[in-house]
Structure formats: structure tokens, C-alpha cells
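All chains, full assembly: derive it from the sequences and hints.
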Amino acid sequence: TMPVAVFMPFYLSDILRMPPRIVGLMLAFGPATLAITAPVAGSLSDRIGSRFLTSIGLLTAAIGLLALRSLGPSASAANVAWRLVLASFGSAMFVSPNSSAVMGSVPRSDLGVAAGVVALVRNLGMVCGISIAGAVITTVQKSHAVTGEITNASPVIARNLGFLAGLKAAFLVSAIILIIASLISAMRIRPGDREAFEKMQ
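Residue numbers (the numbering used here): 1312 to 1512.
In case anyone wonders, no lab produced these hints; they're calculated from the structure. Ideal Cβ positions, reconstructed from N, Cα and C, are used throughout, including at glycine. Check before you lean on any hint, since a few could be wrong.
[Claimed, not checked] No farther apart than 25 angstroms at their CA atoms in a straight line, the calculated lysine to any residue pairs in the SDA-like style are these:
#1 Lys1453 x Pro1320
#2 Lys1453 x Ala1316
#3 Lys1453 x Phe1474
#4 Lys1453 x Phe1340
#5 Lys1453 x Ala1386
#6 Lys1453 x Gly1383
#7 Lys1453 x Ile1488
#8 Lys1453 x Ser1420
#9 Lys1453 x Arg1380
#10 Lys1453 x Ser1381
#11 Lys1453 x Ile1468
#12 Lys1453 x Val1429
#13 Lys1453 x Met1313
#14 Lys1453 x Asn1434
#15 Lys1453 x Phe1321
#16 Lys1453 x Ala1430
#17 Lys1453 x Val1317
#18 Lys1453 x Arg1470
#19 Lys1453 x Ser1385
#20 Lys1453 x Leu1327
#21 Lys1453 x Arg1332
#22 Lys1453 x Ser1324
#23 Lys1453 x Phe1318
#24 Lys1453 x Gly1440
#25 Lys1453 x Ser1442
#26 Lys1453 x Ile1441
#27 Lys1453 x Leu1483
#28 Lys1453 x Val1484
#29 Lys1453 x Val1467
#30 Lys1453 x Leu1377
#31 Lys1453 x Cys1439
#32 Lys1453 x Leu1382
#33 Lys1453 x Ala1476
#34 Lys1453 x Asp1325
#35 Lys1453 x Ile1487
[What the hints assert, rightly or not] Derived DEER-like restraints, expressed as beta-carbon distance ranges:
#36 Arg1419 x Ala1386: 44 to 54 angstroms
#37 Ala1386 x Arg1499: 32 to 42 angstroms
#38 Arg1470 x Arg1419: 49 to 59 angstroms
#39 Ile1495 x Thr1450: 22 to 32 angstroms
#40 Val1351 x Ser1416: 16 to 26 angstroms
Take a look at the structure:
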């Protein structure tokens, strides 16, 4: 969901014409939701395990992105806010249990290495997510300009509508990736299953 934090400010300021103060307040919904939800999700993962929470978290984040994709050029602040909260809630439901699962699957002597790998993968995911979303947005925006799908509009309006189309495409691609990740997370091997498999060898 990192592309939301990177590209949503352009949607809020250029398309919805929100002033910088309101844009900042709108973007604060995401981190606030993460700060509230992540500790709760971590505590729940200690009680019920991480597989269910990570799968539901990824699926919820995907639903949040699909909801953001439905926004148009005249969306209200409230409609944007609850979608940001939903996407961030799903992200928080994934991050803490996933980190807990990784850290709990390695020996105590390797916790430092595991923490480094988790941080590396997380940052790599952020970089790749932003790069893919940026490529999708640029490609769709240029496609609109070349094919002339936006006619009888000023250059600024045409550019903004092209950006909106690209942003919606990026949200769709991101949601599909999250849904696939949710399925993979749901099918991953439990520690007990792994031990039983090793005993059979």
C-alpha cells in the first residue's frame, strides 16, 4: 500500500483541489490507523497465530485499494478518509503478525539476522511497489494523451484526468498483487506441518 502514501497527495491536491493543510490531515489517517491497529494485531497474533491475520490483512488492504480506485474527480473528504483507513487497517493487520511469524521461526541466536532480512524485504517491497505503480500511472497517462481519449479539455484537465486513470490502474494492479499474496499466505505451511513432514523423511 506504499503507492497510496506516495501518489495520493497528487490526487488530493491536483484533482480534488484540497489545500495543503487538508491534504496533510487526510494523509494522517493512514499512519494513525497503523499506530492504533499494529499493536493490537501483534497481540492477537500471539494468541491465535499469524496465518489468519496476515491473510485477512492482505485481503482487507486489497479491498481498501479497490475502494480507493472507485474515487472520482469530485470525491468528498469523508469518502477518501474511510478508504484510506481501510487500506491502512489491512496493512497493519499484516505487518505485525508477519514480522512476529518470521522472528518466531528462527533460533534466538539468529534474531538479528532475521530482523535485518525483514527490514530488507520490507524496504525492497516499498521500492518495487512505488516503481511499479509509477510505471503504470505514467504508461496509462501517456496512453490517454496519445490515443486522444480525453478531448475538448484544457491541457491541465486532460493531464489530471490521465493521471486519475493511471492511479486507478495502479490501485487495481496493487490490489491483484495483494490478493495473490493473501492466497499464498493462507496456504503457507504451519510449523506443526513442517515438523511432521521432516519426521517422515
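Against the structure, the hints:
no.: 1; hint: Lys1453 x Pro1320; result: holds, 20 angstroms
no.: 2; hint: Lys1453 x Ala1316; result: holds, 22 angstroms
no.: 3; hint: Lys1453 x Phe1474; result: holds, 9 angstroms
no.: 4; hint: Lys1453 x Phe1340; result: violated, 31 angstroms
no.: 5; hint: Lys1453 x Ala1386; result: holds, 24 angstroms
no.: 6; hint: Lys1453 x Gly1383; result: holds, 19 angstroms
no.: 7; hint: Lys1453 x Ile1488; result: holds, 23 angstroms
no.: 8; hint: Lys1453 x Ser1420; result: violated, 51 angstroms
no.: 9; hint: Lys1453 x Arg1380; result: holds, 19 angstroms
no.: 10; hint: Lys1453 x Ser1381; result: holds, 21 angstroms
no.: 11; hint: Lys1453 x Ile1468; result: holds, 14 angstroms
no.: 12; hint: Lys1453 x Val1429; result: violated, 36 angstroms
no.: 13; hint: Lys1453 x Met1313; result: holds, 23 angstroms
no.: 14; hint: Lys1453 x Asn1434; result: violated, 28 angstroms
no.: 15; hint: Lys1453 x Phe1321; result: holds, 17 angstroms
no.: 16; hint: Lys1453 x Ala1430; result: violated, 35 angstroms
no.: 17; hint: Lys1453 x Val1317; result: holds, 20 angstroms
no.: 18; hint: Lys1453 x Arg1470; result: holds, 9 angstroms
no.: 19; hint: Lys1453 x Ser1385; result: holds, 23 angstroms
no.: 20; hint: Lys1453 x Leu1327; result: holds, 21 angstroms
no.: 21; hint: Lys1453 x Arg1332; result: violated, 30 angstroms
no.: 22; hint: Lys1453 x Ser1324; result: holds, 21 angstroms
no.: 23; hint: Lys1453 x Phe1318; result: holds, 17 angstroms
no.: 24; hint: Lys1453 x Gly1440; result: holds, 20 angstroms
no.: 25; hint: Lys1453 x Ser1442; result: holds, 16 angstroms
no.: 26; hint: Lys1453 x Ile1441; result: holds, 18 angstroms
no.: 27; hint: Lys1453 x Leu1483; result: holds, 18 angstroms
no.: 28; hint: Lys1453 x Val1484; result: holds, 17 angstroms
no.: 29; hint: Lys1453 x Val1467; result: holds, 14 angstroms
no.: 30; hint: Lys1453 x Leu1377; result: holds, 23 angstroms
no.: 31; hint: Lys1453 x Cys1439; result: holds, 21 angstroms
no.: 32; hint: Lys1453 x Leu1382; result: holds, 21 angstroms
no.: 33; hint: Lys1453 x Ala1476; result: holds, 10 angstroms
no.: 34; hint: Lys1453 x Asp1325; result: holds, 18 angstroms
no.: 35; hint: Lys1453 x Ile1487; result: holds, 23 angstroms
no.: 36; hint: Arg1419 x Ala1386: 44 to 54 angstroms; result: holds, 49 angstroms
no.: 37; hint: Ala1386 x Arg1499: 32 to 42 angstroms; result: holds, 37 angstroms
no.: 38; hint: Arg1470 x Arg1419: 49 to 59 angstroms; result: holds, 55 angstroms
no.: 39; hint: Ile1495 x Thr1450: 22 to 32 angstroms; result: holds, 27 angstroms
no.: 40; hint: Val1351 x Ser1416: 16 to 26 angstroms; result: holds, 22 angstroms
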